[in-house]
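J.: Here is what each chain is made of, one letter per residue.
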Amino acid sequence: MAAFLVKRLLQAVFVVIAVTLTVAFAIRLTGDPALMLTQGAGSVTEADLVKIREGLGLNEPFLVQYFNFLKGIVTLDFGKSFLGGTPVSLLIGKALPATLSLAFTSLIVSIVISIPLGIKAATARGKWADQMIRILSLVGLSFPNFWLATMLVLLFAIALPLLPPSGMDGFASFILPAVTMGIILTATNVRLVRTTMLETLRSQYIMVARAKGLSENVVLYKHALRNCAIPLITFFGLQFGGLLGGIVVVERVFNWPGLGTLAFDAVGARDYPVLQAVITVLSLMIIGINLVVDIAYGLVDPRIRTE
Amino acid sequence: MASSRSASSNFLKLEFVLGALLVGVIGLAVLFSGVIFPGGADKIDLMSRLVPPFARPAHLFGTDPLGRDVLARVVAGGKISLLVGFASVAGGVTVGVVMGLIAGYYRGIWDMLVMRFADIQLALPFILLAITFIAIVGGGLANTIILLIVSQWVQYARLVRGSVLTLREREFILSARAIGVKDWRIILQHLLPNLIGPVIVLMTLNVATNILLESSLTFLGLGIDPTIPSWGGMLAEGRTYLQTAWWVSVFPGLAILLTVLGLNLLGDWLRDSLDPTGRTSA
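In order, the protein sequence lines correspond to chains A and B.
Taking this note's numbering, I'd label the letters of the first sequence as residues 1 to 307.
Taking this note's numbering, I'd label the letters of the second sequence as residues 1 to 282.
Because the hints were derived from the structure by calculation, they are not lab data.
Possibly wrong hints are sitting among the right ones.
[Claimed, not checked] Only some residues are given here: those of chain A computed to face chain B with a beta carbon under 10 angstroms:
{"hint": "1", "residue": "A12"}
{"hint": "2", "residue": "A26"}
{"hint": "3", "residue": "L138"}
{"hint": "4", "residue": "V139"}
{"hint": "5", "residue": "F146"}
{"hint": "6", "residue": "L148"}
{"hint": "7", "residue": "V248"}
{"hint": "8", "residue": "F264"}
{"hint": "9", "residue": "L282"}
[To be verified] Which residues of chain A face chain B? A few of them, derived with a C-beta cut under 10 angstroms, are:
{"hint": "10", "residue": "W128"}
{"hint": "11", "residue": "F143"}
{"hint": "12", "residue": "G241"}
The beta carbon of each residue, even a glycine, is placed where N, CA and C say it ideally should be.
Assemble the whole structure, with the sequences as input and the hints as a guide.
T.: As structure tokens, then:
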């Protein structure tokens with residue numbers, strides 16, 4: 001176990017270094033921030049530019065800049081936004097909870113739909129209910145998330161003005177974005193639940209439970225589902241990266257004040273400190289979650305460690 | 001058992017017919033858009049602005065705020081989606097299969113490099129990679145295709161590497177090596193034909209994925225030039241007048257949904273047809 005832990009940790013550290021290095025290097029390639037900062041500022045002398053570069057630490061060698069950037073991650077100091085000079089950590093601190101709460105709600109919506117549907121598909125294997133669920137899941141996989149979002153707004157905010165079309169303001173504003181992401185996640189999750197369930201239903205303790213004369217619902221939801229929990233939690237955890245990627249797009253449609261909106265505004269305004277921070281924070285979260293899921297899985301299932 | 005097997009083979013047939021029908025009809029319409037709509041997708045007609053759908057036979061899907069025919073634009077916009085979908089997969093599979101074969105067959109440093117690169121890409125959601133990439137090199141058709149290739153070749157490389165690792169220990173490969181067959185012949189004649197099935201399945205599903213990704217990027221203003229008709233671009237435009245003209249947003253999205261669904265049905269059918277052991281399972 002110790003060897004597995006060390007190996008997995010080293011891998012994660014390697015990925016963190018590679019991702020942060022790529023981000024830091026890529027952002028440097030996009031041009032001279034001093035020129036961008038002074039765009040449209042009237043008469044700018046070369047001396048002014050030099051001063052700005054010094055202020056931003058841009059005259060240091062790349063590795064020194066990279067090291068400062070790493071130090072910034074640890075101390076949660078990502079510099080200041082080019083727009084208005086707000087500390088980037090403040091902007092992230094506001095946007096991160098919005099994105100995470102939406103991610104969490106979407107995951108719950110998806111779990112609530114996909115568990116009963118997946119169990120139904122597994123118990124009706126090969127019958128029409130199974131095949132209907134399979135077609136529905138393919139349809140779900142084929143939706144462009146931003147269009148599904150737009151259609152839900154059209155139906156439930158414009159045609160029937162029941163829900164707010166955009167913004168984050170109370171419980172009602174979570175419904176449309178969370179249902180959008182929930183439907184798309186459900187498309188994959190139904191299949192995962194079905195496969196896991198089929199495997200579990202073959203085991204002997206399920207036969208014993210049935211032989212004891214327990215009702216089918218008790219067998220399925222109490223005995224079988226509990227034993228599916230570990231693989232399912234792993235799958236849901238590993239989905240987190242894709243989920244965040246999708247939310248970043250859906251945030252745009254709903255004008256959600258999260259990391260996605262922050263990132264797109266930063267691209268438009270060439271606000272590189274903000275863009276760099278958003279990408280770094282999101283990547284670190286995904287690496288962290290993958291690491292935790294892997295280690296947890298290694299703890300409960302010794303076969304993984306020897307992989 | 002026999003009845004459930006025939007039921008599942010009927011289901012597979014249904015998947016194939018539906019998928020082929022969707023992809024075939026949409027593909028043909030897009031291919032021959034010039035013949036079907038000789039007027040073109042960009043013809044502005046300010047006299048017939050915002051005509052609702054099914055109101056006039058000349059504008060079956062209605063018109064947009066500039067009086068352009070929505071159906072003609074949807075069909076023309078399909079060119080971009082299909083071009084990006086197929087070109088990016090062709091590029092990705094070429095790079096990925098070569099890298100996967102090298103990594104799996106020769107192992108060592110190549111293997112390590114490819115696998116570590118895959119780790120990095122798994123930690124970066126596509127859309128973030130896309131924002132960074134486009135912030136540096138800009139959007140446009142060619143860059144969108146390159147971006148998709150860069151982000152996807154790893155999938156093929158991992159798949160091929162995994163198959164090669166199991167295949168290279170099998171008797172027919174070992175005996176080919178023992179009698180002194182050259183490496184490149186083993187790779188091309190013995191390994192490649194044995195691992196092509198799953199690669200084709202992944203390719204089909206990735207054409208679908210890439211059509212979705214391109215339309216998201218264009219929708220966000222990071223992909224194709226907005227002056228060229230494309231499904232993502234039309235949706236971004238249509239969002240502005242969602243309240244007054246729903247049809248401008250509905251039809252391009254429907255086109256994406258049906259195209260991607262057709263490809264997904266074909267991919268699903270291929271996967272099950274190529275792998276009899278997994279039939280009717282996920």
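J.: So, for every hint listed, does it hold in this structure?
T.: Results for each hint:
1. A12: holds (9 angstroms)
2. A26: This interface hint holds because 5 angstroms falls under the 10 angstroms limit.
3. L138: holds (5 angstroms)
4. V139: holds (6 angstroms)
5. F146: With a minimum Cβ separation of about 5 angstroms from chain B (threshold 10 angstroms), the hint on F146 of chain A holds.
6. L148: holds (8 angstroms)
7. V248: This hint holds: V248 of chain A lies near chain B, its Cβ roughly 5 angstroms from the closest one there, short of 10 angstroms.
8. F264: holds (7 angstroms)
9. L282: holds (6 angstroms)
10. W128: Result: holds, 8 angstroms to nearest chain B Cβ.
11. F143: This hint holds: F143 of chain A lies near chain B, its Cβ roughly 6 angstroms from the closest one there, short of 10 angstroms.
12. G241: holds (5 angstroms)
The structure agrees with every numbered hint stated previously.
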